[in-house]
Amino acid sequence: KQEVTQIPAALSVPEGENLVLNCSFTDSAIYNLQWFRQDPGKGLTSLLLIQSSQREQTSGRLNASLDKSSGRSTLYIAASQPGDSATYLCAGRGYNNNDMRFGAGTRLTVKP
Amino acid sequence: SQTIHQWPATLVQPVGSPLSLECTVEGTSNPNLYWYRQAAGRGLQLLFYSVGIGQISSEVPQNLSASRPQDRQFILSSKKLLLSDSGFYLCAWSGGHFSGNTIYFGEGSWLTVV
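Residue numbers (our numbering), protein chains in the order written: chain D, 6 to 117; chain F, -17 to 96.
For reference, chain D alone in the conformation it holds in the complex:
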């Protein structure tokens, strides 16, 4: 059964810094991996989706990578801003189950 882990659980950086959030998964038979943003008390907003055949996806200041062989994905945020403060979750979708397995998230704080 797929298990997804995110490290660190919390991260605080000064504004303008580049940062990397990590996601690891136990089952390399992954169909796709998705990164989400969650603001306090709100639902999840999809940021990037990487198919198993892809190695990375980019959207604005965000870049997500996927390495199936090592069971890892990273979310790179360039030139962080206070508005980036939120919890970031990754989720892996497997081939055999019609569902997604989520990590516990990384709570990011970008200080002005």
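Because the hints were derived from the structure by calculation, they are not lab data. It should be emphasised that the depicted structure is a prediction, and the values quoted were computed from it without experimental measurement. Careful: at least some of the hints might be erroneous.
As the list claims (entries may be wrong) - A few chain F residues that face chain D, going by a derived Cβ cut-off under 8 angstroms, partial list only:
(1) Leu63
(2) Ile85
(3) Gly88
(4) Glu89
Just so it is clear, CB atoms sit at the ideal spot from N, CA and C, and this is done for glycine as well.
Please build the complex by placing chain F on the supplied structure of chain D, with the hints as guidance.
This is chain F only, laid out in the frame that chain D set:
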């Protein structure tokens, strides 16, 4: 465009009372539908998913049930709530397993059982 609606946004219910959370999707047909629960500091736990009307798969044994009476309607229910049912419940939809589509979430429902 597709939208997902989930209600109520917040509710406080006494132990032993029934529960009904509703979720509807607009702008798509035959979506996969999901109910998740999120506990503080933990990842999302899949409770139920559905690939079609009347087709419900349960991931964990619990005090809750789900139903899909219409193609774009997903309902989470309980006959008698427990204190442990408190949490943040999220409904979600996707375009299908092998399409590789993004999964979209509703705004969530905060349930407090007192």
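Now for the hints, and whether the structure bears them out:
1. Leu63: This interface hint is violated because 21 angstroms lies over the 8 angstroms limit.
2. Ile85: 6 angstroms, holds
3. Gly88: 5 angstroms, holds
4. Glu89: 4 angstroms, holds
When the structure is compared with the earlier hints, a violation turns up for hint 1 alone.
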